[in-house]
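Letter by letter, the chains look like this.
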Amino acid sequence: MEKNQPPSPTTRRIAIDPVTRVEGHGKITLLLDADNHIQEARFHIVEFRGFEKFIQGRPYWEVPFFVQRLCGICPVSHQLAAAKAVDQIEGVSQLTPTATKLRRLLHFGQILQSHALHFFHLSSPDFLFGFGSDPAQRNIVGVLGKYPEIALKGVRLRKYGQQIIEAITGKRVHGTGTVPGGMNKALSIVARDALLNEIADVLQWGQEALALNEQIHIANPEHRDFATLQTNFLSMVGEEGELEFYHGGLRACHADGASIFDQRDYCDYQQILREEVRSWSYMKFPYLCQLGKEQGWYRVGPLARVNNSDRISTPLAEAARQHFREFAQGEFVHDTLAYHWARMIEALHCAESIHELLLDPEIVSDDLIAEKGDKRQEGIGVIEAPRGTLFHHYQINEEGLVTKANLIVSTTSNNQAMNESIRSVANQYLDGHEITEALLNHLEVAVRAYDPCLSCATHALGKMPLKVELRDVEGVLVNQLTKGTNGEIDH
Amino acid sequence: MTHNTITIDGQEVPFEVGQTIMDAALAAKVYIPHLCHYPGLTPHGNCRLCSIEIGKKSVAACTTPAVAGQQISSNTPAINAARKSITQMLFIEGNHICPSCEKSGNCKLQAMGYFLGMLDEHFPQFYQRRKIDASHADIVLDRDRCILCDLCVRASREVDGKNVFAIAGRGTEAHLIVNSSSGKLVDSNLEVDDLAANICPVGAILKKSQGYDVPIGERIYDQHTISEIGLQESIAKESKSDDN
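If you read the sequences in order, they're chains A and B.
Going by this note's numbering, the letters in the first sequence line up with residues 1 to 491, in that order.
Going by this note's numbering, the letters in the second sequence line up with residues 492 to 735, in that order.
Hints were generated in silico from the structure; no laboratory data involved.
Note that the Cβ used here is the ideal one computed from N, Cα and C, for glycine as well.
Hints may contain errors.
Computed far set for chain B versus chain A, every beta-carbon distance over 12 Å [unchecked claim]:
id, residue
1, 498
2, 505
3, 521
4, 545
5, 548
6, 573
7, 606
8, 659
9, 661
10, 669
11, 671
12, 672
13, 683
14, 702
15, 716
16, 726
Below, simulated EDC-like cross-link-like pairs (lysine to aspartate or glutamate); rule was C-alpha separation at most 20 Å, straight line [what the hints assert, rightly or not]:
id, chain 1, residue 1, chain 2, residue 2
17, A, 372, B, 704
18, A, 53, A, 275
19, B, 699, A, 371
20, B, 675, A, 398
21, B, 575, B, 612
22, B, 699, A, 398
23, B, 622, B, 664
24, B, 699, B, 678
25, B, 698, A, 399
26, B, 698, A, 371
27, B, 699, A, 378
28, B, 698, B, 629
29, A, 159, A, 208
30, A, 53, A, 378
31, A, 53, B, 635
32, B, 698, A, 398
33, B, 699, A, 399
34, A, 171, B, 704
35, B, 698, A, 374
36, A, 372, B, 629
37, A, 171, B, 709
38, B, 622, B, 678
39, B, 698, B, 709
40, B, 675, B, 664
Isolated chain A (complex conformation) (with noise of 0.2 Å):
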């Protein structure tokens, strides 16, 4: 576990900076002893971004396409967060179906995309050439050159899920689309033949991008214990306990998979989750309430959602659901790794499920705006990004500005995972061993199988305790400043 205590003249220092192949930017810092032994091993983000503060006096409309400029991978996942909150505040509880179907193809398009996107571009390098091959190599354009055809059915299935963003909302990365009790825009009939026209091959490279993942994850037997870790699992499900990524309840489970709670109403996730915050970074810690501080924290993402649901709704993804429980003996899957393996599960249930609601003749319909009841001062919308479960709460004042706003995205709900990952692998595969660069990428193979999206983790602003010290030139501490987490500050 963490140790805090300040390095010894004998220790030296580690870090990682930045962490590569991921979304946004993050370290992570190894102390070792003389002997190379690992004293610490954390993964820290570096960037600061403020979105929960800078919203706060913003008209509440405006709020999805302010916050989908979180991230530049997922941004449909938080306009969608958001105007699910901003549909509750305008006393919307039933959208059309045809908006609440184009909202569905809308986000499972951007599933689609940011999975593709990270196995392929991201991943991919690590498990084709190996974590510790030469990192000139080890990387997307080592991926074209070595493996082309692999690489390139990576391209354009992430093209595909961009193609259906740009349909929905006017562009591949931060168009519009959803608007209080609605969409927009119509799919148009053109556009949805032209996504028909390709959807055969889509659901072939989807098929064969599992197939892949599942092979390396099993033919590997070392990658089982990579990162592993023993953990509870949050996320949302369906109203049969079925894989939903639009709306439903929240369940969380133990990792033997016993219930800690089912279908509760994400209205009620302050009830359920708390947030920590640490000195160190710039991302919080959530936990279930449940389960305390030491116990409650939980994973978040595909392999949170395949291990907790029941079952998925459409046919080959329901059947790798199956063989996936089947490799742990119809237990959870626990393998970090597996994320990989569980991604592209899901992948391949957006590749079905597009298909399903592009042969929906109500998917072409006009009909876009729910009525909408009476207005209310509070919205909370919850969905499951490609990162996993993720929370955006707004209240507003009676002139309709944002008076607070909170946001769990997903990457935060792993963070106390991540560093747990690192550590394990700092202690199994770095401890007593001279560091080399293959060595330090075996840490950061564990940080991306959670995906972690650094830019969306650290929108928060206020709440970081932050220490100043004054020291003169003999590095004698002179004086310090302390602020805490309730932004009092200590001399």
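With chain A fixed as given, assemble chain B onto it according to the hints.
Chain B only, in chain A's frame:
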């Protein structure tokens, strides 16, 4: 009516006595960039985007009378560079966050930036702290985006007959104020169908809860340049209030 001509960038343009250079140019479908000018409202020469050169003298086309024989330069690299700098200064003086602004795609300032080939803001941001007024039930006033064009002031006075808005302060302290007992929109007589509530070229005066309903690709400046729109706009004289 006596017809005379002026010359703009080598093109002869007829004018009627009493017309400004801008009036004559727009009538002849010659576009001179402008933000604070709107045919039908009294010209004020606030934004200086319509700066032109008559000989060595730089003047605002919207307030300078056309005089027979004027040799005018407008669409030249040097003048357009100056216009681009003016546009950049308008951007940095306010807080124009295009990515999340609901006026994006329908915004004249943004369209002007595109028209003049503006690729960055060039100057350091002022990051001014300006107050938002969301007190009105249907309308929000976001001073972050105000470019002090004065169009709402003139529309309210000359067309709506209400005098809801005014510009107070000077220089960087200049700001849009509301003529009501509290200084808030809620205590003014501004209504959602007033021209003053609909003429803002940027996103400073907007209707509440109505953002982003025009899809990308269908917004005004997704389909037209600001020069195309600028040659079409006018307020019919007869719509002006009888009170004025």
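Query raised in the report: Failing hints, ascending?
Result: Per hint list: single violation, 14.
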